[in-house]
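A.B. asks: Work out the full structure, taking the sequences as your base and the hints as a guide.
Same order as they appear, the protein sequences are chains A and B.
Sequential numbering of the first sequence, starting at 23, is according to the working numbering.
Sequential numbering of the second sequence, starting at 1291, is according to the working numbering.
Each hint should be verified, as a subset may be incorrect.
[Unchecked claim] Label-pair distances were calculated between CB atoms; the ranges are:
#	chain 1	residue 1	chain 2	residue 2	range
1	A	Ala33	B	His1452	28 to 34 angstroms
2	B	Pro1426	A	Tyr50	35 to 41 angstroms
3	B	Gln1439	A	Gly85	28 to 34 angstroms
4	B	Tyr1545	A	Asp113	29 to 35 angstroms
5	A	Leu48	B	Gly1479	48 to 54 angstroms
6	A	Gln271	B	Glu1321	41 to 47 angstroms
Calculated directly from the structure, the hints in this document are not laboratory data.
Glycine is no exception: its CB is placed at the ideal position from the N, C-alpha and C atoms.
Next come the chains, spelled out residue by residue.
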Amino acid sequence: MRDALCAGLVALAAADPAFVFLTGDLGYKALEPLREALGERFVNAGVAEQNMVSVAAGLARTGLRPWAYSIAPFLYARPYEQIRNDVCIHDLPVVLAGNGGGYAYGVMGSTHHALEDYGALLCLPNLRAHVPAFAEDVGPLVRRLAASEHPAYLRLGRSETPANWAPPPYAPWRRLLRGGGGGAPTVAAAGPLVGGLLSALGNAPDASPRPDVWAVCELPVEAGDIPDAFLEDLDASGHLFVVEEHAAQGGLGQMLAHRLLAAGRAPARFTHRHALGYPSGRYGSQAFHRRECGLDAAGLAAELAAAATSAAGT
Amino acid sequence: MDEAEDGDGGGGAFCRLRRRARLRLLRMHYESGVGHIGGNLSCLDTLLVLHHGVLGPADAFILSKGHAAGALYVALWTLGRLTDEDLRAFHGEDTRLSGHPAPGFLPEIPFATGSLGHGLPLAAGMALGKQLRREPGRIYCLTSDGEWQEGSNWEALIFAAHRRVPLTLLVDANGLQGFGTTEEVAGQGALSDQLAAFGVPVADVDGHDPEALRRACAAPPEPLGAPDGGVRVVFARTRKGHGVSFMEDRMEWHYLPLNEAQYRQAAREAGGGDA
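C.D. replies: In structure tokens form, the structure reads like this:
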């Protein structure tokens, strides 16, 4: 997704003279084209994320449109007070672009993982979080965020778009797979793991019940955000199955459950697969950590099939 | 005490302005029962100098030591930007004048401050904005001295000095902080030299001498300044509680509200008689 971000921002650089890009000394072999395109408006703020976020707020106060970029945990956790006080309280149009959402940095270790980023940030006023599911989403999101007048967090990951498949045009909520009923749950997924899940479901035996699969790319889930078609899918299945590479607290699962309860649309069953941290105390690839949390695509596909079978038998 | 006896230097007009501002500040804090008066009095002269003759229409100011909000409000009152009615609401219910500056109602207060170590990075961002837009003007930022224990200030100084953005940092060096002196707490007796080590010109001045402050704020950025001005530092050596004998250099006046007797004595010393 980082390359897609760079391409989108290079286009933005040509279109918007107010656009300024700040990086916390990251972007080697990725952001050089953007540096070329922006000239002095490409600012390497150094290894100083607190200052970078406040500088972005100051730039926004002068009418410029800053983006601040780093590895996700360095961008949301270290300068959290700067995001809160300097950006969000003042409702300034600063975009925080964090690379490596969830376990994307794999065996680099826990310091490089972002497991509670959007949950923590969405406690703050005025901010919305954007979690693209596919690399193809990033370009449209760049244009969307560039037009926003409010703080935004963009959580990038490693795209898992299935081979020989094109995602539908970007929208905050998209149905990616129409299920065939049969008791299969309705899946709501945040982030690129949904691509892997689609691949796994596509490789499942034809006889397997197929779930409805939705990608949710914009948070929080506000009243009125949930499409009618999603609610109809959920009414039909009676089983909400949320997957996200994020802690349970403050995640999509909790937000969605809250909204559905408030709307009187609570499903009969609710399953939430989410990041669990480091249950074994050992480290590995993103796939390793997903397996430890029950978030690996094959495991999720099997669990969804089992849930459908179970529902069909009752 | 009349102007001639004031002993603080500066012209008669500034002395009258300062007396008026000090009295209003004392009254405001007394009526609202609010502490933090010591650190307000230490930087009041700096704020008055800035707002009366230094800041131009293209400039902006950020009060990083947000606990001196009272002094900022009073300085804006002396300009007619806040009214007596506004000041009477200080620290009350349903007020715009919270105990630390709140944004959104005056362009002179571009950011909420109060958590230390935020003002200078914000000022660096605004100054970078001016530099990128080729706009005239300069951003001024007042920090405390104890505030330099916050790492974000050093991040901002590295950034601003390197980029030579048009920024003037003023330090209200009263030597006292929340629970001790800056020397006791953090060995910061050489802060002025530490700032100068970043390659920015530092004017080390008596922070209660308005002419010295004015000269320092207006000084050309020699010898290290960039064509667009670069970073300058005005290290204003001040006294906490300045102008009120029983408050001067006393740490407790970081916190204490004034009782009636203290207020009357403070007002007499500030030159206004019983208020």
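A.B. asks: Hint says 28 to 34 angstroms; check whether the CB-CB distance for Ala33 of chain A and His1452 of chain B agrees.
C.D. replies: 29 angstroms Cβ-Cβ, so the 28 to 34 angstroms window holds.
A.B. asks: Range hint 29 to 35 angstroms: satisfied by the CB atoms of Tyr1545 of chain B and Asp113 of chain A?
C.D. replies: holds (33 angstroms)
A.B. asks: Range hint 28 to 34 angstroms: satisfied by the CB atoms of Gln1439 of chain B and Gly85 of chain A?
C.D. replies: Distance hint for Gln1439 of chain B, Gly85 of chain A holds at roughly 33 angstroms.
A.B. asks: Honestly, do Pro1426 of chain B and Tyr50 of chain A meet the 35 to 41 angstroms range at C-beta?
C.D. replies: With Cβ atoms ~36 angstroms apart, the hint holds.
A.B. asks: Look at the Cβ atoms of Gln271 of chain A and Glu1321 of chain B and judge whether their distance stays inside 41 to 47 angstroms.
C.D. replies: Holds, at about 45 angstroms.
A.B. asks: Take the C-beta atom of Leu48 of chain A and the C-beta atom of Gly1479 of chain B, compute their distance, and say whether it sits inside 48 to 54 angstroms.
C.D. replies: violated (38 angstroms)
The structure fails to meet hint 5 from the earlier list, while all remaining hints are met.
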